[in-house]
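Given these sequences and hints, build the entire structure.
One letter stands for each residue in the lines below.
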Amino acid sequence: MTLRRGLALPAALAGAGLLLALSLHMVTVRSDVAAFLPAGRTPAARVMLQQLRNGPATSLILLGIEGAPPAVLARISRDMTALLGRSGAFSLVENGERALAGPDARFLFRHRYLLSPATTTAAFTTASLHRDFKRLRADLASDAAPLVEQYGLADPPGAFLNLAQIWVGSSPVRVAGGVWFAPHRNRALLLARIRANGLDLVAEGRAVGAIQAAFARADPGPARLLLSGPAVFARDAAHAIRRDVRFISIVSTLLIVALLLWRFRSPLVVAAIAVPILLSISAASLAVQAAFGFVHGIALGFGITMLGVTVDYPVLLIGHRKRGEPAPATLRRIGAAFTLAVATASLGLTGMLFSGVPGLAQLGLFAVVGVLAAAAATRWLLPPLIVLADLAPVSAGEPERLLRIERLRRWRLWGLLPVAAAAAYLLAVGGPRFETDLANLSPVPARARTLDAALRAELGAPDVGQVVLLRGADPEAVLRREAAVLPILHRLRVHGVIGGAEIAARYLPSAAVQRARQAAIPPADVLARRIARAQAGLGFRANAFALFLADAEAARVMAPVTLADMTAPVIAARLQPLLFRAGKNWFGLVLPRGVTDPGRLAAAFRGVAGASEVDVGRETGAIVARSTARAGRWLAIGAAAALAVLAAGLRDVRRVARVLAPIAAAALVTLAVLTALGERLSLVHIVSLQFVAGVGLDYALFFARRQLDAEERARTLRTLATCNAMTLLTFGLLGFCRTPLLRQMGVTVAMGALAAVLFGFLVVGPRPSAA
Amino acid sequence: MPRRRALLAGGLSLAAIGPAGAQPSGAWLDTLMQRLSEIPSRRADFTEQKRIAALAQPLASRGRLIYVRPAQLEKITDAPRAERLIVDGDRLSLSTGGGAARVLSLAASPLVAALVEGVRATLAGDLAGLRRLYVIAAVGGLAGWRLILTPARPPLTRVLRSVTINGAGTDIRAIAVEQTNGDRQLMTITPSS
Numbered sequence: 000m001t002l003r004r005g006l007a008l009p010a011a012l013a014g015a016g017l018l019l020a021l022s023l024h025m026v027t028v029r030s031d032v033a034a035f036l037p038a039g040r041t042p043a044a045r046v047m048l049q050q051l052r053n054g055p056a057t058s059l060i061l062l063g064i065e066g067a068p069p070a071v072l073a074r075i076s077r078d079m080t081a082l083l084g085r086s087g088a089f090s091l092v093e094n095g096e097r098a099l100a101g102p103d104a105r106f107l108f109r110h111r112y113l114l115s116p117a118t119t120t121a122a123f124t125t126a127s128l129h130r131d132f133k134r135l136r137a138d139l140a141s142d143a144a145p146l147v148e149q150y151g152l153a154d155p156p157g158a159f160l161n162l163a164q165i166w167v168g169s170s171p172v173r174v175a176g177g178v179w180f181a182p183h184r185n186r187a188l189l190l191a192r193i194r195a196n197g198l199d200l201v202a203e204g205r206a207v208g209a210i211q212a213a214f215a216r217a218d219p220g221p222a223r224l225l226l227s228g229p230a231v232f233a234r235d236a237a238h239a240i241r242r243d244v245r246f247i248s249i250v251s252t253l254l255i256v257a258l259l260l261w262r263f264r265s266p267l268v269v270a271a272i273a274v275p276i277l278l279s280i281s282a283a284s285l286a287v288q289a290a291f292g293f294v295h296g297i298a299l300g301f302g303i304t305m306l307g308v309t310v311d312y313p314v315l316l317i318g319h320r321k322r323g324e325p326a327p328a329t330l331r332r333i334g335a336a337f338t339l340a341v342a343t344a345s346l347g348l349t350g351m352l353f354s355g356v357p358g359l360a361q362l363g364l365f366a367v368v369g370v371l372a373a374a375a376a377t378r379w380l381l382p383p384l385i386v387l388a389d390l391a392p393v394s395a396g397e398p399e400r401l402l403r404i405e406r407l408r409r410w411r412l413w414g415l416l417p418v419a420a421a422a423a424y425l426l427a428v429g430g431p432r433f434e435t436d437l438a439n440l441s442p443v444p445a446r447a448r449t450l451d452a453a454l455r456a457e458l459g460a461p462d463v464g465q466v467v468l469l470r471g472a473d474p475e476a477v478l479r480r481e482a483a484v485l486p487i488l489h490r491l492r493v494h495g496v497i498g499g500a501e502i503a504a505r506y507l508p509s510a511a512v513q514r515a516r517q518a519a520i521p522p523a524d525v526l527a528r529r530i531a532r533a534q535a536g537l538g539f540r541a542n543a544f545a546l547f548l549a550d551a552e553a554a555r556v557m558a559p560v561t562l563a564d565m566t567a568p569v570i571a572a573r574l575q576p577l578l579f580r581a582g583k584n585w586f587g588l589v590l591p592r593g594v595t596d597p598g599r600l601a602a603a604f605r606g607v608a609g610a611s612e613v614d615v616g617r618e619t620g621a622i623v624a625r626s627t628a629r630a631g632r633w634l635a636i637g638a639a640a641a642l643a644v645l646a647a648g649l650r651d652v653r654r655v656a657r658v659l660a661p662i663a664a665a666a667l668v669t670l671a672v673l674t675a676l677g678e679r680l681s682l683v684h685i686v687s688l689q690f691v692a693g694v695g696l697d698y699a700l701f702f703a704r705r706q707l708d709a710e711e712r713a714r715t716l717r718t719l720a721t722c723n724a725m726t727l728l729t730f731g732l733l734g735f736c737r738t739p740l741l742r743q744m745g746v747t748v749a750m751g752a753l754a755a756v757l758f759g760f761l762v763v764g765p766r767p768s769a770a
Numbered sequence: 000m001p002r003r004r005a006l007l008a009g010g011l012s013l014a015a016i017g018p019a020g021a022q023p024s025g026a027w028l029d030t031l032m033q034r035l036s037e038i039p040s041r042r043a044d045f046t047e048q049k050r051i052a053a054l055a056q057p058l059a060s061r062g063r064l065i066y067v068r069p070a071q072l073e074k075i076t077d078a079p080r081a082e083r084l085i086v087d088g089d090r091l092s093l094s095t096g097g098g099a100a101r102v103l104s105l106a107a108s109p110l111v112a113a114l115v116e117g118v119r120a121t122l123a124g125d126l127a128g129l130r131r132l133y134v135i136a137a138v139g140g141l142a143g144w145r146l147i148l149t150p151a152r153p154p155l156t157r158v159l160r161s162v163t164i165n166g167a168g169t170d171i172r173a174i175a176v177e178q179t180n181g182d183r184q185l186m187t188i189t190p191s192s
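Note that the protein sequences, when read in sequence, are chains A and B. Numbering that gives the first Met the number 0 puts the first residue of the first sequence at 0, with every later residue one more than the last. Numbering that gives the first Met the number 0 puts the first residue of the second sequence at 0, with every later residue one more than the last.
Treat the hints as calculated values from the structure; they're not laboratory data. Glycine included, each C-beta is placed from N, C-alpha and C at the ideal position. It cannot be assumed that every hint is accurate.
To be verified - Take a look, some chain A residues computed to stay more than 10 Å from chain B by CB distance:
id, residue
1, Ala456
2, His494
3, Ala571
Claimed, not checked - Chain B side only, calculated, beta carbon under 7 Å to chain A, not exhaustive:
id, residue
4, Glu47
5, Gln48
6, Ile51
7, Leu54
8, Gln56
9, Gly62
10, Ile65
11, Val67
12, Val115
What the hints assert, rightly or not - Pairwise CB distance ranges, derived in the manner of DEER restraints:
id, chain 1, residue 1, chain 2, residue 2, range
13, B, Thr187, A, Ala518, 31 to 39 Å
14, B, Thr30, A, Arg223, 43 to 51 Å
15, B, Ser36, A, Ile165, 42 to 50 Å
16, B, Pro153, A, Ala482, 35 to 43 Å
17, A, Arg599, B, Pro153, 47 to 55 Å
18, A, Asp218, B, Ser36, 37 to 45 Å
Set out below in structure tokens:
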């Protein structure tokens with residue numbers, strides 16, 4: 000018997016620990032932003048958001064170097080480019096030094112007559128060639144002769160020059176010391192593209208590490224390195240989440256264990272309490288893994304923290320036990336309140352579960368399964384263990400002191416004051432402000448997003464706001480549609496609706512367009528005669544334009560360039576985000592710059608075959624609104640269900656009202672304080688408030704139990720104080736997290752829980768006796 | 000391509016043997032560079048003969064050269080057509096007649112950059128700068144010398160065969176450029192008083 004008594008608890012604890020280790024080993028943890036946010040409403044929006052989150056755009060890293068004289072920055076930029084190029088982690092490293100050189104320039108030069116809009120019938124007439132030759136003759140006499148000879152003689156119509164302008168022209172960067180600089184400040188700029196795709200966090204981490212190492216090796220002195228881009232965000236978010244989760248789990252575990260040891264003065268109690276928690280985390284992670292195929296880092300980290308409140312369950316059980324009492328007796332006294340608390344807490348998570356935001360849904364599922372598992376373990380597994388080890392609180396507390404505390408309830412009417420103040424404040428400021436920007440739900444801090452926008456603007460990397468998607472069965476079909484769109488874009492630019500636009504067809508015309516250009520090139524014998532006539536009297540040697548003749552003839556008969564041919568690094572990097580496959584279809588992305596009139600831009604593409612205009616900002620705003628509305632609806636349903644459960648459980652309208660009053664009061668005060676702090680209410684706050692309601696009900700139900708003797712009242716008071724302290728500890732700690740989402744949840748829940756226990760104590764508990 | 004390399008190497012070794020037979024070149028070359036580096040600025044007149052492969056006839060021009068230590072070089076052509084080429088640091092601007100100047104980064108054209116650097120580094124007495132781009136063969140002595148600059152590595156080796164600079168004391172007398180496409184140009188320089 001003694002042996003069993005001594006070993007049962009440790010054995011149960013070891014078993015639960017082992018089970019947890021096993022289940023955590025079985026789940027896949029992801030921490031990318033994409034997995035946390037919802038998909039779009041329309042097919043086009045879904046394709047667009049998908050592209051933004053894990054398309055080729057996510058492999059781009061924007062680099063800035065500043066804080067040193069321009070010459071030093073240029074040298075660092077050159078050294079880093081060389082080092083990164085050798086590292087093998089990047090498919091592209093550009094700093095402006097060879098913006099269009101090497102394989103890229105060679106490819107464009109070879110295919111200049113197919114790719115350049117300068118290839119027209121008019122460009123190959125004798126008169127036009129004569130004008131070109133005359134210009135070349137003058138330039139050859141100048142000091143620019145080497146440049147003219149390099150490209151001019153083989154290309155009198157200037158198709159390559161025109162192409163180079165298309166490729167290089169759209170960027171606002173300034174070149175100084177041979178490398179890119181921001182247009183209006185002393186900041187060297189670089190672009191790097193990671194070889195791995197946007198979801199490979201390990202490769203991304205390695206690539207970012209390689210950049211930092213290259214910067215350190217480039218002898219930076221006082222210079223600073225700025226890094227941005229989806230890959231950097233993902234890595235930083237993953238780091239922050241991992242750091243936050245580790246910080247919270249260690250510190251909150253230590254604090255809670257310390258609190259429980261102080262409260263119960265027994266390591267065995269702590270062991271008993273740990274058993275349901277460990278089991279609930281296992282069950283919750285496995286359930287999320289089964290439902291979603293992976294567990295998001297935020298859901299795991301925050302879910303475990305949320306399950307911290309399930310510590311309440313074993314604490315309530317042990318805290319209410321009288322020493323030597325058999326388990327059924329304790330359960331009989333608290334069973335009704337306990338069941339109601341569990342039911343309402345689970346119903347309180349519906350808003351999160353059905354919000355439509357995958358990350359929050361995971362969190363909701365994690366918490367619901369965890370709460371139920373912890374409750375089940377407390378209800379059926381723990382009682383025999385507790386009785387075996389005879390665990391109970393050291394003392395119920397001095398009834399004298401209890402009475403003194405309970406006397407505070409005489410001033411319960413004063414409790415109305417903060418509630419009235421909160422209501423008045425909210426009325427005065429016109430209610431809480433709501434968040435509509437999805438970006439603020441993302442784990443990326445606002446400061447990082449600002450830097451990203453600045454670097455993007457300086458580099459001329461398209462900032463994805465309002466875009467047009469063109470759909471087709473294959474790249475050629477998309478490019479044909481884009482060819483029809485080019486005049487629309489031209490018109491919009493002429494009218495000042497847009498400043499310009501990135502579109503694949505400008506870099507890679509459709510095969511149809513290329514064939515039309517081939518038809519504009521005269522056959523070799525015709526062209527030879529025209530060249531001979533055009534160069535007469537200009538002093539050229541007879542064979543001066545032999546290369547031009549040969550290249551034009553080669554271009555006239557070569558197979559049109561296809562997407563598969565565009566493999567040179569800069570070219571491929573530019574095209575990849577603009578022309579891509581998603582599912583069965585191919586998509587062309589048109590990225591307008593400097594949009595002045597979104598309405599006219601949208602109208603211009605209405606009715607264009609295969610085109611859909613997507614305003615990413617509006618789309619994400621709509622997603623947030625929809626998710627918030629859905630969360631709100633489910634919150635209402637959950638609340639109604641909880642109310643029904645309460646009504647059925649308490650069977651007394653007045654008691655139901657007494658139980659609900661402190662929760663409403665706590666929610667109101669929390670809302671007012673959040674608004675006063677300048678927070679914009681987001682989905683996160685709303686689901687957190689719902690969570691507060693669940694916890695608050697827990698307190699209220701226990702305060703509301705019919706408890707005649709003072710000793711039991713003292714037990715309840717002390718136990719609830721312990722529970723509340725634990726909630727404050729864990730959620731208060733979340734307030735120190737770097738991940739904005741966790742911080743918002745922490746602050747809301749900690750504040751709400753404190754308000755709920757205070758109002759619960761004042762309002763729900765029995766009126767102090769007249770003495 | 001391999002044959003051209005072999006030819007180049009042959010030419011080089013000949014050039015290297017020549018001065019070694021006369022006197023050790025290292026000592027006077029360092030002295031020459033040292034003296035060149037002490038001249039803060041200079042002005043000179045030039046005449047230039049260009050033979051361009053694509054043109055049937057050679058082109059002739061004349062004008063003035065201005066150099067200011069360490070990195071500014073100006074070439075002002077007076078005839079047959081007014082033109083002004085200014086190299087400052089790594090920016091090159093070229094204006095023809097009354098037209099607006101075209102500005103380009105030297106990095107944009109390795110050939111133009113190498114030609115400019117060959118002359119500028121010589122004027123600055125910057126031996127290390129020359130050696131970054133060229134293999135140097137020096138013939139003669141301080142009183143009359145010839146530097147034969149051969150591009151050290153691709154892509155320059157593909158377009159430029161050699162730059163030859165003749166001089167006497169700290170005066171530069173002639174600069175001859177030979178490109179792989181057969182273009183040659185010879186600039187004859189007389190210091191202006």
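Tested hints:
The claim that Ala456 of chain A lies off the interface holds: its Cβ sits roughly 23 Å from the closest Cβ of chain B, which is beyond the 10 Å cut-off. Taking the minimum C-beta to C-beta distance to chain B, about 29 Å, the non-interface status of His494 of chain A holds against the 10 Å cut. Its beta-carbon lying about 22 Å from the closest one in chain B, Ala571 of chain A satisfies the requirement of being farther than 10 Å from that chain. Hint status for Glu47 of chain B relative to chain A: violated, with the closest Cβ pair at about 10 Å, above 7 Å.
Checking Gln48 of chain B against chain A by beta carbon gives a least distance of about 12 Å; that is not within 7 Å, so the hint is violated. Checking Ile51 of chain B against chain A by beta carbon gives a least distance of about 6 Å; that is within 7 Å, so the hint holds. At about 5 Å, the closest approach between the beta carbon of Leu54 of chain B and any beta carbon in chain A falls short of 7 Å, and the interface hint on this residue holds. With its C-beta approaching chain A no nearer than about 6 Å, Gln56 of chain B sits inside the 7 Å limit, and its interface hint holds.
Against a cut-off of 7 Å between C-beta atoms, the interface hint on Gly62 of chain B is violated, since the closest Cβ of chain A lies about 10 Å away. At a threshold of 7 Å, the smallest CB-CB gap from Ile65 of chain B to chain A is about 14 Å, leaving the interface hint violated. Below 7 Å, beta-carbon pairs count as interface contacts, and Val67 of chain B has none with chain A, the closest being about 18 Å; its hint is therefore violated. A cut of 7 Å between beta carbons decides the hint on Val115 of chain B: the least distance to chain A is about 10 Å, and the hint is violated.
Checking the proposed 31 to 39 Å range against Thr187 of chain B and Ala518 of chain A shows it is violated: the Cβ atoms sit about 52 Å from each other. At about 45 Å, the CB distance of Thr30 of chain B to Arg223 of chain A agrees with the hint of 43 to 51 Å. Under the hint 42 to 50 Å, the C-beta atoms of Ser36 of chain B and Ile165 of chain A, about 45 Å apart, fit the expected range. A hinted range of 35 to 43 Å for the beta carbons of Pro153 of chain B and Ala482 of chain A is consistent with their spacing of about 39 Å.
Taking the beta carbon of each, Arg599 of chain A and Pro153 of chain B are about 52 Å apart, inside 47 to 55 Å as hinted. The given range of 37 to 45 Å is broken by Asp218 of chain A and Ser36 of chain B, whose C-beta atoms sit roughly 27 Å from each other.
Of the numbered hints stated above, those contradicted by the structure are hints 4, 5, 9, 10, 11, 12, 13 and 18, listed in ascending order.
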